[in-house]
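Student: The lines below spell out each chain.
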Amino acid sequence: MKTEAFNDRDVSDSYYLVDIEDYPTDGWGKFKRVIKRTFRGELFVGLWVVMREMIKFDIHTVSYPQEKMPIGPRYRAVHEMKRLWESDAERCIGCGLCEKICISNCIQIDTKIDENSRKEVSEYSINLGRCIFCGYCAEVCPELAITHGGRYENASDQREHFVMYEDMLTPLDKMKAGAQLEFEGFGAITPHEDERVKKTPLAY
Amino acid sequence: MEVAYLIETVIKVVVVLLIFSALAGIGTYFERKILAFMQRRLGPMNVGPYGLLQVAADGVKLFTKEDIIPTNVVAPIFKIAPVITAATAFMAAAAIPFLPQFEIFGYTVHPIIADINVGILYILGIMGVGLYGPLLGGMASANKFSLLSAARGAAVFISYEVVTGLSILAPIMMVGSLSLIDFNEYQIENGWIIFNLYGVGFVAFILFWIAAFAETGRTPFHLIANDHEIIDGFGTEYSGMRWGLFFIGEYANMFFISFVIPLLFLGGYGDGSFMGAMALLGKVAFFFFFFLWTRAAWPDVRPDQLMWLCWKVLMPIAVINIVIAGIVMM
Numbered sequence: 595m596k597t598e599a600f601n602d603r604d605v606s607d608s609y610y611l612v613d614i615e616d617y618p619t620d621g622w623g624k625f626k627r628v629i630k631r632t633f634r635g636e637l638f639v640g641l642w643v644v645m646r647e648m649i650k651f652d653i654h655t656v657s658y659p660q661e662k663m664p665i666g667p668r669y670r671a672v673h674e675m676k677r678l679w680e681s682d683a684e685r686c687i688g689c690g691l692c693e694k695i696c697i698s699n700c701i702q703i704d705t706k707i708d709e710n711s712r713k714e715v716s717e718y719s720i721n722l723g724r725c726i727f728c729g730y731c732a733e734v735c736p737e738l739a740i741t742h743g744g745r746y747e748n749a750s751d752q753r754e755h756f757v758m759y760e761d762m763l764t765p766l767d768k769m770k771a772g773a774q775l776e777f778e779g780f781g782a783i784t785p786h787e788d789e790r791v792k793k794t795p796l797a798y
Numbered sequence: 089m090e091v092a093y094l095i096e097t098v099i100k101v102v103v104v105l106l107i108f109s110a111l112a113g114i115g116t117y118f119e120r121k122i123l124a125f126m127q128r129r130l131g132p133m134n135v136g137p138y139g140l141l142q143v144a145a146d147g148v149k150l151f152t153k154e155d156i157i158p159t160n161v162v163a164p165i166f167k168i169a170p171v172i173t174a175a176t177a178f179m180a181a182a183a184i185p186f187l188p189q190f191e192i193f194g195y196t197v198h199p200i201i202a203d204i205n206v207g208i209l210y211i212l213g214i215m216g217v218g219l220y221g222p223l224l225g226g227m228a229s230a231n232k233f234s235l236l237s238a239a240r241g242a243a244v245f246i247s248y249e250v251v252t253g254l255s256i257l258a259p260i261m262m263v264g265s266l267s268l269i270d271f272n273e274y275q276i277e278n279g280w281i282i283f284n285l286y287g288v289g290f291v292a293f294i295l296f297w298i299a300a301f302a303e304t305g306r307t308p309f310h311l312i313a314n315d316h317e318i319i320d321g322f323g324t325e326y327s328g329m330r331w332g333l334f335f336i337g338e339y340a341n342m343f344f345i346s347f348v349i350p351l352l353f354l355g356g357y358g359d360g361s362f363m364g365a366m367a368l369l370g371k372v373a374f375f376f377f378f379f380l381w382t383r384a385a386w387p388d389v390r391p392d393q394l395m396w397l398c399w400k401v402l403m404p405i406a407v408i409n410i411v412i413a414g415i416v417m418m
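As they're listed, the protein sequences go chains R and X.
Mapped onto the working numbering, the consecutive letters of the first sequence carry residue numbers 595 to 798.
Mapped onto the working numbering, the consecutive letters of the second sequence carry residue numbers 89 to 418.
Bear in mind the hints are in silico, worked out from the structure with no lab data behind them.
All C-beta atoms in this analysis are idealised placements derived from N, C-alpha and C, irrespective of residue type, glycine included.
Check before you lean on any hint, since a few could be wrong.
As the list claims (entries may be wrong) - Derived CB-CB ranges, DEER-like: (1) R:625 to X:411: 55 to 63 Å; (2) X:408 to R:626: 16 to 24 Å; (3) R:635 to X:276: 46 to 54 Å; (4) R:635 to X:408: 16 to 24 Å; (5) X:159 to R:612: 22 to 30 Å; (6) R:653 to X:370: 44 to 52 Å; (7) X:164 to R:749: 39 to 47 Å; (8) X:162 to R:612: 44 to 52 Å; (9) X:316 to R:714: 53 to 61 Å; (10) X:114 to R:635: 45 to 53 Å; (11) R:626 to X:265: 38 to 46 Å.
This is chain X alone, in the form it adopts within the complex (with noise of 0.2 Å):
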């Protein structure tokens, strides 16, 4: 272990950190302007130059304002729960490479913080653990909705795992690793994968959406923290940093799985030029704007209707998924 690669690791982990954390609070901004023009409204617009400030002053709220740990709930679980969802949101994010390699002052930057041969089971599992703050928190708040909302939070657990579990192994089995990079590196040789095999890849890539939107709780299976259905789910009893614990990890995990989607799906940042870099940015922007698309557009499902739809109805594909793929590579 040399000096250098610690000091270059820990510069990486403290720059994404940076960078992500300020990312979830213009993701809210952005959220909100474009939900804002869809439903033909103005959004933020007082707080500086077109509500820009909007999120500095959320910021300064959220950390100004009195922690408050309700009467009768679980202490230390209630206050762990949105750390756990903060942390495995960043935890996640040190496998994917967000660009391809690059000199500065003639050294040779790897933009990722660690290669590890495993690394989208990593991403998928660390993500999965971030589960656990919503059904943590809801469990231990002492309120009915946060109970509701813990269930719930169970519900979407052993639903998406499973889909998203199963549509990658198709991909998996074409590029023979699991580093985000040899998938990289794959589809600069096979081109990108979704166009892969008679559409296998295309399957598997639609499967791992509609999964993604299940992991990140965004609105087609925004069931764990329904507004208008139980309040803010396992977040009605929070305040403070600690919900803005949750709300970062949410935005971070969104902007994370933009991320996977196109390394795993899309020729991520293809030959490693300056263009390819700038279409992975361009593809995350897009599979970010498609989540808040969403939750203007399309209405919420039950519970039950998720679990449904991905035992009943996801699942099959991509076990079926799974089988052509293997025929057609035998």
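Only chain R is shown next, with the shape it has when bound in the complex (with noise of 0.2 Å):
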């Protein structure tokens, strides 16, 4: 898509000054005013409009259960929280900048040290009472494991309702038939990323 003419901030051609009347002060500026748009036919232009409207046909409307709208890729639904595609692991290495970062404190994350002596996260929640879809924590996370996903809809009885980490967490069978969606917001990675990644010179 081209942005250039959203860019262009010079509306000096196509702004024009509206050439409004000075309002009648005596009595027959007023009656002639009142002739003026009795007979100018304005109310016939308003009747025209909207039966063009219906001859047209024209529907907008979206019948929303049945069909909705296409979102972005960079909407900022319901968090989901992505694996490897390598090792079909999860990404998530428990570093806990998201609960740092998260300005309505609504992440908790717990953390501990597995038998293989690697940290593994034992705790994730997301309380989306409190949660804003700032989107800060899918930007700050290093591994692109947290990211918002599309799912807008969420009915319950109650809205605190915790999102928990096995809800979040790409479904294994999904993983394994390759439909698992990178998240194309903030902090992702851009599409070109391969050519501009400078290798390191080894003899640093």
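From the two separate chains plus the hints, produce the assembled complex.
Tutor: See below:
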């Protein structure tokens, strides 16, 4: 999409001043204005406009539960936890940056050292009642593990229902099918990252 | 008073009541659909095919809803007000010939309940009484918005009546009778009244049409129950079927005035043939559609503007019209 048209802030040639007549002060002027307005037929212009729209039948309704508007890949709805493409293992390394940066304090993360002496996430939950969907957690995540998804229909009897780690994690069968979608919002890898990355000289 | 005449009248009353109650419901469906199409929407779509059963759903809702009489209202007047609106709307229909007379099983039916000799006077009078519903309901509601609406109702009341009364004087002078059947007979011989007497009939028609909008409280003059200013006006405190009666009254009024305008000015049902009857129904459909059309297209006026329009513009035109009619007929 070309963005030049939107970036052009020079509106001097398309703006014009509306010609507003002076308000009539005397009775004769008011009478003339009434006569002018009565016989100018503006009421029929209005009638014609709505009739034209009815004949054109250009309906803009989206019948919502059956049809949905497409949402952008950067849309920030309920969070998702991604898996690694190579090993299907969880991407989250338990660094806790998302908990740290969360401005509404809705992320709770707890980690422990597992039997292989690796850091493991033991508890991870997001309080959706507090979450403002700012996207900082997805932006700050060094592993692109926590991202926003596209699921915006959340019906529950309580808004404060936690989002459990297991609910957010990409299911294994979906992962095996290769159906996991990468988040393209803030913090994500831009499309030409491979060409732009510079190799580290080994001589350092 | 024959028994057969009594039975016939009762049957006619029941038929008119049933048909126009149903039409009032279907009228809301048409209103929603046409407004939706004019605003590039779909309107009701989910209840039944193309939302047709929405009317039934609304009816069930209105009938089963709790009838709330709030504290501090003047209960007897609060309760009777919607009945006034609905009842007077249907009472006015008694003098309207809905179709030309026809024969069924060798029995001649006159589709008019009572051909009284003051027909149009009776219709306008009873329709005028109908405005007591909003007036009394609004004043009895113990609600500021309802009170405002009642005050506006009074303003509408004193404004449009003078225009309706004076505008039909010229046609009455031409016809020499107040019965709508006589109006029809006159127009068979002399052509439609709007084309009669060098434009006098046309001016009278336009004036009466404008006043009809005030009488039914439709959009250019929808100030009694203007949703964006005074919530629902007199209907704010009403719920359930009492509110539904206001609604039925309003829509029945729209249908009846849509019958009266063609009967008075546009040749009515013509010579009484089948095509004439269909033409009358077509004219009625157009006038009803026009009520919805203007609602989609036009803005509302303020109460003072309505009074200005009726007293300072339309009434002088109506009086001049009568004078011209008198001079021409002399």
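Student: Can the suggested window of 53 to 61 Å be confirmed for the beta-carbon pair residue 316 (chain X) and residue 714 (chain R)?
Tutor: 59 Å, holds
Student: Is the distance from the Cβ of residue 626 (chain R) to the Cβ of residue 265 (chain X) consistent with 38 to 46 Å?
Tutor: Because 41 Å falls inside the window, the suggested range holds.
Student: Between residue 164 (chain X) and residue 749 (chain R), does the C-beta distance stay in 39 to 47 Å?
Tutor: For residue 164 (chain X) and residue 749 (chain R) the Cβ distance comes to about 46 Å; the hint holds.
Student: Go ahead and decide if the range 44 to 52 Å is satisfied by the Cβ distance of residue 162 (chain X) to residue 612 (chain R).
Tutor: 51 Å, holds
Student: If you check the beta carbons of residue 408 (chain X) and residue 626 (chain R), does the distance land in 16 to 24 Å?
Tutor: 19 Å, holds
Student: So the hint says 45 to 53 Å: do the beta-carbon atoms of residue 114 (chain X) and residue 635 (chain R) match that?
Tutor: Check failed, 33 Å falls outside 45 to 53 Å.
Student: Check the following: the C-beta atoms of residue 625 (chain R) and residue 411 (chain X) are separated by a distance inside 55 to 63 Å.
Tutor: The hinted range 55 to 63 Å is violated for residue 625 (chain R) and residue 411 (chain X), with Cβ atoms some 21 Å apart.
Student: Given a hint of 16 to 24 Å, does the C-beta separation of residue 635 (chain R) and residue 408 (chain X) actually sit inside it?
Tutor: 22 Å, holds
Student: Between residue 653 (chain R) and residue 370 (chain X), does the beta-carbon spacing fit 44 to 52 Å?
Tutor: 27 Å, violated
Student: Is the gap between the beta carbons of residue 635 (chain R) and residue 276 (chain X) within 46 to 54 Å?
Tutor: 34 Å, violated
Student: Holds or violated: 22 to 30 Å for the Cβ distance of residue 159 (chain X) and residue 612 (chain R)?
Tutor: 52 Å, violated
The structure fails hints 1, 3, 5, 6 and 10 (numbered hints given earlier, in ascending order).
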